[in-house]
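Input sequences plus hints: build the corresponding full structure.
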Amino acid sequence: MKRTPIYGMMAEFDSATHLVDAAHRTYEAGYLKIDAYSPFPVEGLAEAMGFHKNNVPLVVLIGGLIGGLSGYLMQYWISAVSYPVNVGGKPYHSWPAFIVVTFEMTILFAGISCVFGMLALNGLPMPYHPVFNVPRFAFATKDRFFLIVFSSDPKYSPSETRRFLESLGPRSISEVPS
Amino acid sequence: MDEKRQPVTLDGGSPVIEPGHTFATVTDKISSIVLTRPTSNGWFLGFGIAFLLTMMMLFAIGYLFVRGTGIWGVNIPVGWGFAIVNFVWWIGIGHAGTLISAILLLLRQSWRNSINRFAEAMTLFAVSAAGIFPLIHVGRPWLAYWLFPYPNSMGVWPQFRSPLVWDVFAVSTYATISLLFWFIGLVPDLATLRDRSTNRAAQIIYGMLAMGWRGSARHWHRYETAYLLLAGLATPLVLSVHTVVSFDFAVAIVPGWHTTIFPPYFVAGAIYSGFAMVLMLAIPIRKVYGLEDFITERHLQNSAKVMLATGLIVAYGYAIEAFMGWYSGNRYDAFTLWNRLHGPYAIPYWALLACNIFVPQLLWMRKLRTSPAALFFVSGVILVGMWLERFIIVVVSLQRDFLTSSWGMYYPTRWDWMTYIGTIGMFLAAMFLFVRILPMISIFEMRTLLPEAEVKE
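These protein sequence lines are chains W and F, in that order. Using the working numbering, the final residue of the first sequence is 497, and nothing's skipped along the way. Using the working numbering, the final residue of the second sequence is 613, and nothing's skipped along the way.
Honestly, the hints are just simulated from the structure, not real lab data. Please read these numbers as outputs of a predicted model, since none were measured by experiment. Here a beta-carbon is modelled for each residue, glycine too, at the ideal position from N, C-alpha and C. Hints are supplied without guarantee of correctness; some may be wrong.
[Claimed, not checked] In the DSS-like style, the derived pairs of lysine-lysine whose C-alpha atoms are separated by at most 27 Å in a straight line are: (1) Lys185(F) <-> Lys443(F); (2) Lys461(F) <-> Lys523(F); (3) Lys461(F) <-> Lys461(W); (4) Lys612(F) <-> Lys461(W); (5) Lys443(F) <-> Lys523(F); (6) Lys461(W) <-> Lys352(W); (7) Lys352(W) <-> Lys612(F); (8) Lys443(F) <-> Lys461(W); (9) Lys372(W) <-> Lys523(F).
[As the list claims (entries may be wrong)] Example chain W residues on the side facing chain F (calculated, C-beta under 8 Å, incomplete): (10) Ala416; (11) Met424; (12) Leu440; (13) His448; (14) Pro449.
[As the list claims (entries may be wrong)] Far from chain W, by Cβ distances over 10 Å, these chain F residues were calculated: (15) Ile217; (16) Leu389; (17) Trp413; (18) Gln457; (19) Ala471; (20) Phe533; (21) Pro568.
What follows is the structure in C-alpha cells.
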C-alpha cells in the first residue's frame with residue numbers, strides 16, 4: 320500500500336439506516352476501498368459494501384476436524400499401542416468409550432479456532448489504527464455511525480470524494496490523518 | 157422478520173428494556189457503573205466479607221496440604237464426601253450461564269441480552285470454584301497434572317475407559333470455552349469503556365483488552381458468525397458436561413448411582429440450580445445499581461418459569477429413581493430407596509424433597525413470580541435443595557452398599573465446611589470485582605434491542 324499522509328475521508332451519520340444507505344450508495348458509486356463503523360452489528364451493512372461471506376466457518380470446521388481426529392487417534396494410540404492395559408476384558412480399542420473425549424476435543428479445538436481465527440481474520444489485536452486519530456470517532460462505540468473511503472482507493476480524490484460524501488447528508492466530514 | 161430486531165416493548169408481557177432509552181442512555185447507564193460511580197461502602201463491606209471467606213478457604217486448603225485428606229470426614233466407605241458434592245453443585249450452577257448465553261441465543265430469545273454477561277461471569281467463577289475440589293481431593297494435588305495425557309518418563313498414560321478421565325476433558329473444555337465466550341462477548345464493550353473513560357490507566361488497560369476493536373462492518377460480520385458458531389458449539393458442550401459428571405456415578409455399580417436416568421436428570425438439575433443462582437445475583441444487583449430498566453419483571457418471570465420446568469424434570473427424576481427401586485426387583489436398589497426415606501440421612505432426604513419439589517411449586521403463582529423478594533427466597537431454597545441432592549447421591553449411596561459389614565457413616569468436619577463456605581466467598585468476591593471493573597450487562601447487545609437499531613428499507 321502506498322503510504323500517504325492522508326488515510327481517508329470519514330463521514331459521520333446519525334442512524335444505522337442512514338449508514339447502510341450511505342455505504343450502499345458509496346459502493347454503487349464505484350468506491351471499493353471503503354469501510355463502515357457502528358457501535359453494534361448492523362444488519363446488511365457489510366453486504367451493502369459487497370462483503371458477503373467470511374471464512375470463520377471454514378476455520379472452525381478445520382479446527383474441529385483436527386480436534387476430533389487428534390482426540391480419537393490419541394486415545395487409540397495410548398490405549399491400544401503405547402500402553403495397552405486389560406480392563407475387565409474390554410478390547411484395547413474400545414471405541415464407544417473414546418467418544419466422549421473425542422467430542423470434547425472437537426469442541427475445544429473448534430472453539431479455540433473460532434475465537435482466534437476470527438481475531439486473526441479481523442487483524443486484531445491492532446493497538447494503533449489511523450481512524451482513532453479522528454476525535455469524533457470515540458462515539459463509534461457509543462451512538463454514532465461512520466463511513467470511510469480509504470485514500471488507497473483508485474477513485475479517491477480529496478475534493479471529489481468530499482463532495483460525494485457531502486451528497487450523502489452526513490453530520491460531519493473529516494479527513495483522517497494516517 | 158428477525159426476532160432480535162423487533163421492537164422491545166410488545167410481544168406479550170412486560171418489556172425487555174423499559175421504553176425511553178436510546179443508544180446513548182444505554183451506554184452511559186451501564187458504563188457509568190464502572191467508570192464514574194463512586195465505589196460504595198456497601199461494596200467494600202460485601203467484598204470484604206467475601207474476601208475474608210476466601211482467606212478462610214485458603215487457610216483450610218493450606219492446612220489440608222500440610223496434613224492430608226485425613227482432616228476431612230471422608231473415609232471408607234464414603235470416600236467422596238464434600239469434595240465431590242460441592243464439585244457437582246458448583247459445576248451445575250455454572251450451567252445456567254451457558255444456557256442463557258448460548259442456547260437462548262440460538263433460540264433467538266432476545267431477553268437474554270441483559271442477563272447473559274453476568275450469567276457468563278457466574279459460570280466462570282462457579283467453574284473455578286468447582287475445579288478446586290477434585291484437585292484438592294486427589295490427595296497429592298501437586299501431581300494433579302497426571303490427570304492429563306502427557307508424555308512422561310514413567311511411560312504411563314491415563315485410562316480412557318474411565319468416566320473420571322472423561323470428566324477431566326469435559327470440565328477443562330467447558331472452562332476454556334466459557335472463558336473464550338465471555339471474553340469475546342466483552343471485546344466491543346471494552347472498546348466502549350476505552351473510549352468513555354477519562355482516566356489514563358483505565359484507558360490503557362481497557363484499550364489493551366479491547367485489542368483495538370473499532371466496530372468495522374467487516375469485523376462485525378466475522379464477529380457475529382464467530383459468536384453464533386461458538387454458541388452452537390457451547391450448546392452441546394454444556395449438555396455434555398453434566399452428562400459426563402453423571403457418568404462418574406452412573407457407570408459405577410453402586411446402588412443409587414447405577415441408573416440411566418442420571419444424564420438428563422443431572423442436566424436439568426444443573427440448569428435448575430443455575431437459574432436459582434442467577435436470580436439470587438440478579439435481584440440484589442438490579443436493586444443496588446438501579447438496573448430495573450434493563451433487568452425487568454420479564455427476566456425474573458422467565459427465569460422463574462425455567463426453574464419451574466427444570467424443577468419438574470428433577471421431580472420426575474426422583475420419581476423414576478423411586479419407581480425403579482421397586483420395579484427393578486433388585487434388593488440393593490430397593491434398600492437404597494428405603495435407606496433414603498428411613499435411614500440415618502432421612503432428614504436431609506426429606507428436606508431435599510421439600511426444597512426441590514414442594515417449595516418451588518409456589519412459582520405457579522404469577523404474583524410470586526413477579527415479586528423479587530419471593531423469588532429470592534425460593535431461589536435460595538432451591539440452591540440448598542440442589543446441594544442436598546448431591547449430598548444424598550454421593551453420601552447416602554456409598555454409606556450402605558452391598559455388604560452390611562462395610563457400612564459406615566459420614567460426618568463432615570469443620571475443614572469440610574470451611575472449604576465449602578470459603579468457595580462461596582471466593583465466588584462472591586469474584587462477582588464483586590466483576591461488577592466493579594467490567595460492564596455487567598452487554599452494552600452492544602442491549603443497543604441491538606432498541607427500536608432505532610432496526611435498519612429501515
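For each hint, the structure was consulted:
1. Lys185(F) <-> Lys443(F): Holds, at about 14 Å.
2. Lys461(F) <-> Lys523(F): OK: lysine 461(F) and lysine 523(F) at ~13 Å, within 27 Å.
3. Lys461(F) <-> Lys461(W): violated (34 Å)
4. Lys612(F) <-> Lys461(W): holds (20 Å)
5. Lys443(F) <-> Lys523(F): With Cα atoms ~19 Å apart, lysine 443(F) and lysine 523(F) stay inside 27 Å; holds.
6. Lys461(W) <-> Lys352(W): Status holds; Cα separation ~25 Å.
7. Lys352(W) <-> Lys612(F): holds (25 Å)
8. Lys443(F) <-> Lys461(W): Since the Cα atoms of lysine 443(F) and lysine 461(W) sit roughly 25 Å apart, the hinted pair holds (cutoff 27 Å).
9. Lys372(W) <-> Lys523(F): violated (48 Å)
10. Ala416: holds (4 Å)
11. Met424: holds (7 Å)
12. Leu440: holds (5 Å)
13. His448: holds (6 Å)
14. Pro449: violated (10 Å)
15. Ile217: Label holds. Min Cβ-Cβ 27 Å, cutoff 10 Å.
16. Leu389: violated (5 Å)
17. Trp413: holds (17 Å)
18. Gln457: holds (26 Å)
19. Ala471: Fine: 28 Å to the nearest Cβ keeps alanine 471(F) off the interface.
20. Phe533: Fine: 37 Å to the nearest Cβ keeps phenylalanine 533(F) off the interface.
21. Pro568: It holds; proline 568(F) is separated from chain W by about 31 Å at its closest Cβ, greater than 10 Å.
Taken one by one, the earlier hints fail for this structure at numbers 3, 9, 14 and 16, listed in ascending order.
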